[in-house]
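A.B. asks: Here is how the chains run, residue by residue.
Protein chains: 2
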Amino acid sequence: MSGPKILETISVQKCFGGTQGVYRHESAETGCAMRFGLFLPPQAERGKVPLLYWLSGLTCTEENFVVKAGVQRVAAELGIAIAVPDTSPRGLGYPGEDDAYDFGSGAGFYVDATEAPWHHGYRMYSYVTKELPALIGEKFPVDPARVGIFGHSMGGHGALTIALKNPASYKSLSAFSPIVSPMRCPWGEKALTGYLGADRATWRDYDATALIEARGWQGPPILVDQGDADPFLERELKPELLREACAAKGVSLDLRMREGYDHSYFFIASFIEDHLRFHAKYL
Amino acid sequence: MSGPKILETISVQKCFGGTQGVYRHESAETGCAMRFGLFLPPQAERGKVPLLYWLSGLTCTEENFVVKAGVQRVAAELGIAIAVPDTSPRGLGYPGEDDAYDFGSGAGFYVDATEAPWHHGYRMYSYVTKELPALIGEKFPVDPARVGIFGHSMGGHGALTIALKNPASYKSLSAFSPIVSPMRCPWGEKALTGYLGADRATWRDYDATALIEARGWQGPPILVDQGDADPFLERELKPELLREACAAKGVSLDLRMREGYDHSYFFIASFIEDHLRFHAKYL
Numbered sequence: 001m002s003g004p005k006i007l008e009t010i011s012v013q014k015c016f017g018g019t020q021g022v023y024r025h026e027s028a029e030t031g032c033a034m035r036f037g038l039f040l041p042p043q044a045e046r047g048k049v050p051l052l053y054w055l056s057g058l059t060c061t062e063e064n065f066v067v068k069a070g071v072q073r074v075a076a077e078l079g080i081a082i083a084v085p086d087t088s089p090r091g092l093g094y095p096g097e098d099d100a101y102d103f104g105s106g107a108g109f110y111v112d113a114t115e116a117p118w119h120h121g122y123r124m125y126s127y128v129t130k131e132l133p134a135l136i137g138e139k140f141p142v143d144p145a146r147v148g149i150f151g152h153s154m155g156g157h158g159a160l161t162i163a164l165k166n167p168a169s170y171k172s173l174s175a176f177s178p179i180v181s182p183m184r185c186p187w188g189e190k191a192l193t194g195y196l197g198a199d200r201a202t203w204r205d206y207d208a209t210a211l212i213e214a215r216g217w218q219g220p221p222i223l224v225d226q227g228d229a230d231p232f233l234e235r236e237l238k239p240e241l242l243r244e245a246c247a248a249k250g251v252s253l254d255l256r257m258r259e260g261y262d263h264s265y266f267f268i269a270s271f272i273e274d275h276l277r278f279h280a281k282y283l
Numbered sequence: 001m002s003g004p005k006i007l008e009t010i011s012v013q014k015c016f017g018g019t020q021g022v023y024r025h026e027s028a029e030t031g032c033a034m035r036f037g038l039f040l041p042p043q044a045e046r047g048k049v050p051l052l053y054w055l056s057g058l059t060c061t062e063e064n065f066v067v068k069a070g071v072q073r074v075a076a077e078l079g080i081a082i083a084v085p086d087t088s089p090r091g092l093g094y095p096g097e098d099d100a101y102d103f104g105s106g107a108g109f110y111v112d113a114t115e116a117p118w119h120h121g122y123r124m125y126s127y128v129t130k131e132l133p134a135l136i137g138e139k140f141p142v143d144p145a146r147v148g149i150f151g152h153s154m155g156g157h158g159a160l161t162i163a164l165k166n167p168a169s170y171k172s173l174s175a176f177s178p179i180v181s182p183m184r185c186p187w188g189e190k191a192l193t194g195y196l197g198a199d200r201a202t203w204r205d206y207d208a209t210a211l212i213e214a215r216g217w218q219g220p221p222i223l224v225d226q227g228d229a230d231p232f233l234e235r236e237l238k239p240e241l242l243r244e245a246c247a248a249k250g251v252s253l254d255l256r257m258r259e260g261y262d263h264s265y266f267f268i269a270s271f272i273e274d275h276l277r278f279h280a281k282y283l
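Protein chains in written order, with the working numbering: chain H, 1 to 283; chain C, 1 to 283.
Just so you know, these hints were derived from the structure itself, not from any lab. Certain hints may be false.
Claimed, not checked - DSS-like mimics (lysine-lysine), calculated; alpha carbons at most 25 Å apart, straight line:
(1) C:Lys68 with H:Lys68
(2) C:Lys68 with H:Lys14
(3) C:Lys165 with C:Lys190
(4) C:Lys14 with H:Lys238
To be verified - Calculated from the model, a selection of chain C residues having no Cβ within reach of chain H, i.e. all distances over 10 Å:
(5) Gly17
(6) Ala33
(7) Lys68
(8) Gly70
(9) Arg73
(10) Arg90
(11) Tyr94
(12) Asp112
(13) His119
(14) His120
(15) Met183
(16) Glu213
(17) Glu240
(18) Met257
(19) Asp262
(20) Lys281
Said to hold, decoys possible - Some chain C residues close to chain H (C-beta under 8 Å, calculated; not the full set):
(21) Gln13
(22) Lys14
(23) Cys15
(24) Val67
(25) Gly260
(26) Tyr261
(27) Ser264
(28) Phe266
(29) Ala269
All of these numbers come straight from a predicted model, not from anything done at the bench. Quick reminder that beta carbons are idealized off the backbone N, C-alpha and C, glycines included.
Next up, chain H with everything else stripped away, as it sits in the complex (with noise of 0.2 Å):
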């Protein structure tokens, strides 16, 4: 971890006047290559711009938001960059990696794991908050002091433990239909036993339910987009139960239910720029 850190271009494009890029590096939390996707908005060839991270969903990599929710254009407008990881390491050939959509490759859940094998890499907790910024901010133009961070699904998951655990790393948080309480669903239960082990009071620390009950949030509110449509809604996404863990302390919550929208990018795209417009007002 110390010393110059090395970094790979893989791609740089030009779009809507800034610079997407994909970029690839050797990862010691996770012990392998990692990719991730950073928009710079044209606003970073004068100075420093603030951040905003968007963690992805089960089976996505980095490409997926890069091209299909249309971010580079409201992000180009604001002057915000935008960082996103992959969903968890790749390749490192534990016994049935690949063998889930929900658990293993593209399912990291943001967390870093205890469980063997899944603990000498499946660390995109410390991943997502420690090494990939301090890679960043020592290669590009972005101001570590104006950092916000967003998510879809799996990824709002993350967003939201991540900023919940970490409320002076992060100024703004949002989330499109986010798993609110991995301990409450099948998605999250398949995961935190295999990552973390049996003994639930350990989920704890990777539920934002629970976190909230436990720290509160003193940040501005958190907007939450939700489609009324998405058929994971009743049984893995909840969002009553988020609802309710706000309201129990005080935690300003905007939670949008958008009628007719399912859990697609297409959901995503449609409401993009109100989140950027919302982070934006914090960073």
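For this one, chain H is given, so just place chain C on it according to the hints.
C.D. replies: Only chain C this time, still in chain H's reference frame:
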């Protein structure tokens, strides 16, 4: 071709207040099942809306533009439907059909082939100009008197040649990075030889510059965006040939060279709004 047409819905998803659909039907022209994307803006709930055809480039299916271009936001605002056909027949089983990215599958070049075996199903010109409009007109609330066309690369060639040959059917015309003279570039020479045979006289009917020389264009100005960092600019695209042909015939061309942009969907997304607002003026 007679009798009621059967249309299968693959998916319909809410997007920017409208719906992004993907549909499949058995095509008489191509002899196989064809898929297309159709975005209907919210205005289509109240009556017929204008329709803009997008023709995609080499290797694309109907999906690329639908998920990457960010077109739905502006189309929803302006009340324009967007139809996106596939770029070739699929799975006809002709020898060599899947051997190259620039001929056969994904590379129909919007011609009606005359060479065997391609002449049986590689009839994308008739598919795009006749069969698909008849189907869409029967099944969806679009106004057949308010239709425009645009496309990218091979699809820019398709949009130009189709509109130039059918000026009564298309009220507006634009392109991104079009192949403006397939008779004079390697991609085009390969495709036209394969689909039409070695007699170059027959090629002129599918060459935008030759069509402008032969027929002119009485419609509104033609809008073309072209990145100056496009790796295919000098060898394949040659926008100067279009500029020369238009100048010689007094055709109004707005050719915008875009500094630093390449051939990708990041380029298309950056200027898609300009193109939709251009088409909206004439539709």
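A.B. asks: Each of the hints needs a verdict: does it hold here or not?
C.D. replies: Taking the hints in turn, this is what the structure says about them:
no. : hint                   : verdict
1   : C:Lys68 with H:Lys68   : 5 Å, holds
2   : C:Lys68 with H:Lys14   : 15 Å, holds
3   : C:Lys165 with C:Lys190 : 22 Å, holds
4   : C:Lys14 with H:Lys238  : 21 Å, holds
5   : Gly17                  : 8 Å, violated
6   : Ala33                  : 23 Å, holds
7   : Lys68                  : 5 Å, violated
8   : Gly70                  : 4 Å, violated
9   : Arg73                  : 7 Å, violated
10  : Arg90                  : 23 Å, holds
11  : Tyr94                  : 31 Å, holds
12  : Asp112                 : 33 Å, holds
13  : His119                 : 36 Å, holds
14  : His120                 : 35 Å, holds
15  : Met183                 : 30 Å, holds
16  : Glu213                 : 34 Å, holds
17  : Glu240                 : 22 Å, holds
18  : Met257                 : 13 Å, holds
19  : Asp262                 : 6 Å, violated
20  : Lys281                 : 21 Å, holds
21  : Gln13                  : 5 Å, holds
22  : Lys14                  : 4 Å, holds
23  : Cys15                  : 4 Å, holds
24  : Val67                  : 5 Å, holds
25  : Gly260                 : 4 Å, holds
26  : Tyr261                 : 5 Å, holds
27  : Ser264                 : 6 Å, holds
28  : Phe266                 : 4 Å, holds
29  : Ala269                 : 7 Å, holds
Hints 5, 7, 8, 9 and 19 from the list above are not met by this structure, while the remaining hints are.
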